[in-house]
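Protein sequences appear in the order of chains A and B.
Counting along the first sequence from 1, when you hit position 65 you're at 65 in our numbering, and nothing is skipped either side.
Counting along the second sequence from 1, when you hit position 44 you're at 44 in our numbering, and nothing is skipped either side.
I should point out that these hints are in silico values taken from the structure, not numbers from a laboratory.
What you are looking at is a predicted structure, and each value in this text was computed from that prediction instead of being measured.
Where hints are given, some of them may not hold.
[Stated by the list, open to error] From the derived model, a few chain B residues whose C-beta atoms are all more than 12 Å from chain A:
1. Thr45
2. Thr85
3. Glu99
4. Ile120
5. Gly147
6. Tyr195
[To be verified] Mimicking BS3-like on lysine-lysine, the simulated pairs with C-alpha atoms at most 30 Å apart in a straight line are:
7. A:Lys142 / B:Lys206
8. B:Lys75 / A:Lys162
9. B:Lys175 / A:Lys76
10. A:Lys154 / B:Lys175
11. A:Lys29 / B:Lys75
Heads up, the beta-carbon is just placed ideally off N, CA and C, and yes, glycines get one too.
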Amino acid sequence: MIDNLLILLLVGGFVGAAAGYLGSFMVLKRMSLVGDALSHVALPGMAIAIALQKSPILGAFIALTIAIVGIWFLEKKSTLYPETLVGIFFTTSLALGVLITPEPDLLEALFGNIEKITMIEGLLAIFLSVIMIITIKKISNKLILGIISEELAKSTGINISKINFIYLFLVGLVVALGVKFVGTLLMGALVIIPAASAKNISKTITNYYFFSILFGITSAVIGVLIASFYHFSSGPIVVLTSIFFFIITFLTKKLL
Amino acid sequence: MEDILLKVTNLKVKYGQNSILNNVSFDVKEDETLAIIGPNGAGKTVLFRALLGLIPYEGKIEWKAGLKIGYVPQKLFIEPDLPLTTQEFFNLKEKNKKEVENVLLLVGFKKDSTDKNHIINQILKRKIGVLSGGELQRVLIAWALLGHPDILLFDEPTTGIDISTEETIYGLLHKLQEKEKLTIMLISHELQVVYNYATNVICLNKEKVCIGPPREVLDKESLAKIFGGHVGIYLHDHHEL
């Protein structure tokens, strides 16, 4: 377990940055609710991992990988987004997860507790966040083009299906990393809200990415600070901090 | 032998039980302008979508290897909120500012003009989602022309959009044909346009009804077969559709 606040802040900052950056595409893709629902899938995975005495992050990641392959497949096969199916599938996994997660671990799995992160998990989270940010930067142009128009993207030879898969895989990964400190119920929020705030005040895509990442980092860092200072559970505080930025940017947009 | 850029053999597209395209075969040769005409619901846009590999189909679509395709969609709904400037939209495909400026000049934007909406720098600074219909249409054509495509697939814009006061979209296409030596595939409702600009025409009504140079194949009989009955209207008042 990490008792050094500075390292905790570093872990939170990196995961927040990756979540904000990834979220910027999810908001434009109009997949916000999918991101949110996706985070619920982590719960049964974590429960099974805890039962097998493995790392909950690993369990979450495996469960999420299965889920994103499912979403990717549905997105590819259907012209209409099968929202209802996704909704049913995810609430099922949440219900199952709550049932099979041992009672003492449940609250932590649902709302996160960053202080329970081990040093190895922390370093891994930082490392993977950096990898994710680099990867997403590489595919960002293709992703945006695919969001504007699949036809245009295809006409320039972009393999949309591959790009979407890489993207969803990264979302699964960031959610798995984030569940430990904001919890499965709230990780979706850390992906969506910083980007939604950034969209309120950005006119160019460069600014939009920048503010998504910035709000991701600041929400995580300020949230973790407040949570550790007052001994709150980290998840709700991080999310409330990001909501605070959303309200500020929303009002700024209205006033401008 | 002329260079064949695209060969389509027995193309079939179905949505569930409904057959949208049936047994369509044709070739596209280098430097030709091939117009695709037919009534609403004849499968013209579906044909383009199949050519781009966006929808499942039966039959064969063979592009010449390494061919660069430029595609101009019929319409594109971009939410005004999208945080993306026109400059950034071009940068998704090409970072070189000079190249972007060149294609914008080609489609009729100016370096300076009395109307600021026609000035390249003004257009590039604005969000892509707030451009007018005509501006967006020209931007999309410019975007398709970036990177010097070998063939341009052009889905007709909604009739009624004039790209600027002095120029129609077809006049522009004609200019591009001459300047850039482009092979063009064009979907059009307007027979007048087809007569004026196309070297060959495919008449489509789920099946290929005719193919050949417009003045040879667009006789009363085949037109009646495509559009059904009252043909004269389309020739005399080509804004009707």
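How the hints compare with the structure:
1. Against chain A, the non-interface label of threonine 45 of chain B is violated: not every CB pair exceeds 12 Å, the least being about 10 Å.
2. The claim that threonine 85 of chain B lies off the interface is violated: its Cβ sits roughly 5 Å from the closest Cβ of chain A, which falls inside the 12 Å cut-off.
3. For glutamate 99 of chain B, the condition that its CB be more than 12 Å from all CB atoms of chain A holds, with the nearest at approximately 14 Å.
4. Interface exclusion of isoleucine 120 of chain B from chain A stands, the closest Cβ pair being 17 Å apart, more than 12 Å.
5. Here glycine 147 of chain B does not stay apart from chain A, with its beta-carbon only about 8 Å from theirs, under the 12 Å limit.
6. The beta carbon of tyrosine 195 of chain B is kept farther than 12 Å from every beta carbon of chain A, the shortest such distance being approximately 28 Å.
7. Restraint check: the Cα-Cα separation between lysine 142 of chain A and lysine 206 of chain B comes to about 33 Å, which exceeds 30 Å; the hinted pair is violated.
8. Proximity of lysine 75 of chain B to lysine 162 of chain A is assessed by CA-CA distance (about 25 Å); at most 30 Å being required, the pair is judged to hold.
9. Between lysine 175 of chain B and lysine 76 of chain A the CA atoms are separated by roughly 39 Å; this puts the pair beyond 30 Å, and the hint is violated.
10. Straight-line distance between C-alpha atoms of lysine 154 of chain A and lysine 175 of chain B comes to about 26 Å, which keeps the hinted pair within the 30 Å bound.
11. A distance of roughly 19 Å separates the Cα atoms of lysine 29 of chain A and lysine 75 of chain B; the hinted pair therefore holds under the 30 Å criterion.
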